[in-house]
Amino acid sequence: MEQVVQELLRPDYHYYTLAEGRDSLVAYCCCGLDARVGGGDYDDDSLDLGLMVRPDLNGLGRGGEYAGAVLQFTRRHFPQRRWRVTIAEFNQRAQRVWSKLGFVRVQTFARQGDGTAFGVWVLAGANQADEPQPRGSWKQAGPPRIIRPTNRI
528 MEQVVQELLR PDYHYYTLAE GRDSLVAYCC CGLDARVGGG DYDDDSLDLG
578 LMVRPDLNGL GRGGEYAGAV LQFTRRHFPQ RRWRVTIAEF NQRAQRVWSK
628 LGFVRVQTFA RQGDGTAFGV WVLAGANQAD EPQPRGSWKQ AGPPRIIRPT
678 NRI
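When the sequence shown is numbered by our numbering, its final residue is 680 and no position is left out of the sequence of numbers.
Treat the hints with care, since some could be wrong.
[Said to hold, decoys possible] With a cut-off of at most 25 Å between alpha-carbon atoms, the simulated SDA-like pairs for lysine to any residue come out as follows:
hint	residue 1	residue 2
1	K627	L584
2	K627	G588
3	K627	Q607
4	K627	L552
5	K627	G586
6	K627	M579
7	K627	G567
8	K627	F617
9	K627	D572
10	K627	D568
11	K627	G652
12	K627	E616
13	K627	A562
14	K627	P606
15	K627	A651
16	K627	R602
17	K627	D561
18	K627	Q599
19	K627	G559
20	K627	R608
21	K627	A615
22	K627	D571
23	K627	G595
24	K627	R563
25	K627	L587
26	K627	H604
27	K627	V649
28	K627	Y555
29	K627	R589
30	K627	T544
Honestly, the hints are just simulated from the structure, not real lab data.
Work out the full structure, taking the sequences as your base and the hints as a guide.
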């Protein structure tokens, strides 16, 4: 656990806290190299995105809102023109969430070390310019939003 906390606090990693309503931590996201998984082909200049939802909120149908907020935030704050996510093949929920936002699988590979299967997904063609439109929060307090870098808490 200590190692995870230390990595989250590294200023060279781009971790951000996602809040919703009065809940100051519903998920966190990372952008860049730390969102990659060993064994994948990451040769282009896409911005890699990672999203980790708080375990007690998994399966409640909020993943699309959280992923949309991450995509919206990164479009405003990073100069990339292509966005990419790496998703474990067993994680059907995450695949559905990112697919609904316009991401398509372009590669599969086995993770270095344990051989777990992963897919690399990129935001497809025309969807590159489309801004996801957040809906209202299920907590009736506006859409989810990124409130601060996680490593600046």
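*Starting from the hint list further up, note which numbers the structure goes against and sort them upward.*
Per hint list: zero violations.
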